[in-house]
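Construct all of the structure, not just a fragment, from the sequences and the given hints.
Sequence order for the protein chains is A and B.
Position 49 of the first sequence, counting from 1, maps to 1293 under my numbering, and the rest follow consecutively.
Position 315 of the second sequence, counting from 1, maps to 1559 under my numbering, and the rest follow consecutively.
Check the hints yourself; a few may be wrong.
Because identical chains cannot be distinguished in the list, a pair is counted as satisfied if it fits within a single copy or across any two copies.
Stated by the list, open to error - Derived DSS-like pairs: lysine-lysine, alpha-carbon spacing no greater than 27 Å straight-line:
(1) Lys1558 <-> Lys1622
(2) Lys1270 <-> Lys1629
(3) Lys1442 <-> Lys1428
(4) Lys1339 <-> Lys1297
(5) Lys1328 <-> Lys1442
(6) Lys1339 <-> Lys1270
(7) Lys1561 <-> Lys1328
(8) Lys1635 <-> Lys1425
(9) Lys1632 <-> Lys1488
(10) Lys1488 <-> Lys1425
(11) Lys1415 <-> Lys1328
(12) Lys1415 <-> Lys1442
(13) Lys1415 <-> Lys1632
(14) Lys1488 <-> Lys1603
Bear in mind the hints are in silico, worked out from the structure with no lab data behind them.
As a plain string of letters, each chain reads:
Protein chains: 2
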Amino acid sequence: QGTRDHPPAHTALRDRLLAAVVACFKRHGAVAIDTPVLELRETLMGKYGEEVKLIYELQDQGGELLALRYDLTVPFARYLAMNKITNMKRYHIAKVYRRDNPATTRGRYREFYQCDFDIAGQFDPMIPDAECLKILHEILSDLQLGDFLIKVNDRRILNGIFAVCGIPESKFITTCCTVDKLDKVPWEEVRSEMVGEKGLSPEAADHIGEYVQLHGGLELIERLLQDPKLSQNKLAKEGLGDMKLLFEYLTLFGITGEISFDLSLARGLDYYTGVIFEAVLLQQENDHVEEPVSVGSVAGGGRYDGLVGMFDPKGRKVPCVGVSIGIERIFSILEQRMKASGEKVRTTETEVLVATPHKHLLAARLKLISELWGAGIKAEMLYKKDPKLLKQLQYCEDTGIPLAAIVGEQELTDGVVKLRDVATRVEVRMPFLYLLPKVLPKCRGC
Amino acid sequence: QGTRDHPPAHTALRDRLLAAVVACFKRHGAVAIDTPVLELRETLMGKYGEEVKLIYELQDQGGELLALRYDLTVPFARYLAMNKITNMKRYHIAKVYRRDNPATTRGRYREFYQCDFDIAGQFDPMIPDAECLKILHEILSDLQLGDFLIKVNDRRILNGIFAVCGIPESKFITTCCTVDKLDKVPWEEVRSEMVGEKGLSPEAADHIGEYVQLHGGLELIERLLQDPKLSQNKLAKEGLGDMKLLFEYLTLFGITGEISFDLSLARGLDYYTGVIFEAVLLQQENDHVEEPVSVGSVAGGGRYDGLVGMFDPKGRKVPCVGVSIGIERIFSILEQRMKASGEKVRTTETEVLVATPHKHLLAARLKLISELWGAGIKAEMLYKKDPKLLKQLQYCEDTGIPLAAIVGEQELTDGVVKLRDVATRVEVRMPFLYLLPKVLPKCRGC
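In structure tokens:
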């Protein structure tokens, strides 16, 4: 339950998505690493806050106590610390495991892919952070998901706000969690949780509310930098200064149109220390999908400067910033859209079916297909000694194979092949020698 | 222990191997499926014989009892039965888990990739079987691993031999296991295990020995078809008849030069019912590697017509044949060779580094790199506001980036970019507008 088999149509679409993501990561010069799906149990403990109960543990069958990885960020931090690496730009695409209540209609499963890109190292402020946002922008654009918005905030700004509103530091994290709900529920509910459950004073809550409901761009950053209270707070000032720098870089990248400085963004995980961000898809006005799927955010990330130090015996820190693409949620949306439009995914890439019109021609088919494979052409044949021509052409139509290479007695005698365009039914006889260079460009769309 | 992190150089080489394997599987028109790494414990039980003790089990944390998959064949059979699929050509590349004693120098780990291609369905004899061998031959050729040999046998022939040698059917499987050791130990040892441990009569053992030490091609098959005893045995006759057909197809594919009908090949797993095969690399005479790694077989497979029926409530059978490529062992060999030759793997594909020769030019770099990314060019820059030119060029040399696009004050004023070939140090000034189309073909080697 909560895990699933992926049939060919799923896998083909997902592989296409993953290929686009990998292409972007490589375009930005990232190396790939791979870590085991099994981690020592102690590596994962104390990194995810309350979510520890969602970790899958392995039975003690002798040897180390093991658990399935929960995300790719903690294994990355462990990898850096173990190998004393202080500088790395890497991507990692792999499955992670959570004993969650799966909400499968929203694309949430217990086993799912994460696509992570992270930059580790001590660099000049906000340059790597800006690249992570650029990557996120490129991927969401490349996948043609429609309009999207990337919300950006900074943990230091949030903590600064809490401080100037008189919240004790011990309540920063829990207040953060409450603020994070603002994308789902109205301010009144968030306020009453702050006052009721979290024990904040109504005045403090109202004061927080004045800030966290703000969103905008460079002009909002400038305004807050002039804010009489915030400008007195060291953390907030640092965060706002860096946010200004970030927006300058994003302007040079030409992507501020889809980016909003949003003070309600808080993100759940404990380990963020600076910039945080999250991408949401915007409902299209002309989207007439029958049951619009609510998928929440499709990507997120941020800066976590303290995590690597937790794995280093001497606590040496390696600053990191990264972005994680929620490929499963994006998959759900695309799948739903294709269902609505009736579009089908081809599950193979076969370019030509080798077919025969009469009996006793298996040897001719085997020889011809062998030549095609040798030339790098994607070719299939039916596994029957004497298949009917109609069945062979039907197979092409069912599986989307564009061409059939037909060899009958006459063709064998003449040393030619009959090449049939399955859609138009146009047939051309051509010498066998010409087939390879002719088929290839046609199929590959050159 | 027995699992490992894969650093960038590993991952880059492995991804290259996997890409070649996937290309071959796609060339043969296979669809891809994906199944969860977690299977119900009961699915895996009773499928692997004694190897059941090597299965990783998950802790009972409530819910179903789960285990990590042991191979990709059993999940495939379960998938076919569950979805009532009677006809499918699929590949699956994923990690499997075994609580084995890892022999890491031989490329054996507890977590490792399997690359499986299988054809399920009722077809005319030996056509899919021949394609599996063709695929194996193509992959081993494409990967340029040097000379290799694919040994082929048939479980029915082995069982026929055991029968005519007077072995009771209850001892077929255990005798099979003993025969399988012939590739590692001499016949005398195998014989004494048969007589001593397995309780066969010395005469029966000698009789078996006369058969299982034979290997050859079509002429051996013909000879055995005339063998006075074997020709009387129904199973052996069927197996030999199909083997003859297989060799006819392999001759049409032109690959019999690397294929040997080898009666000592038995394969460990219980579930094989017909053709079995295994590929070994042959030591090169001119291979002067310091410590030649013994890696055993690099691929194997066979026909298993009964496995799907074990998962079907009504026991409906779906005949299957498949091949599994031992990518980790192949990886070990290639890694060792590259070490010996001093060859290095590039871990990124970056085509150009965007660099500046003076201070205060970060904005120019950000703008230029953004344009390059937009044009699909793989580009990097250092995450420093004012990096030294020497450091930037050094980074190109360290990471194998072939080109540097340099923008200084003068270039900015003139609207040009200085393109530097890192290896030859030749520099060309060109208008920025020309850069994109010029860089692209050069980097891509067109």
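Open item on the list: Let me make sure I understand: some of the numbered hints might not hold for this structure. Which ones are they, in numerical order?
Closed with: 1, 5, 8, 11 and 13
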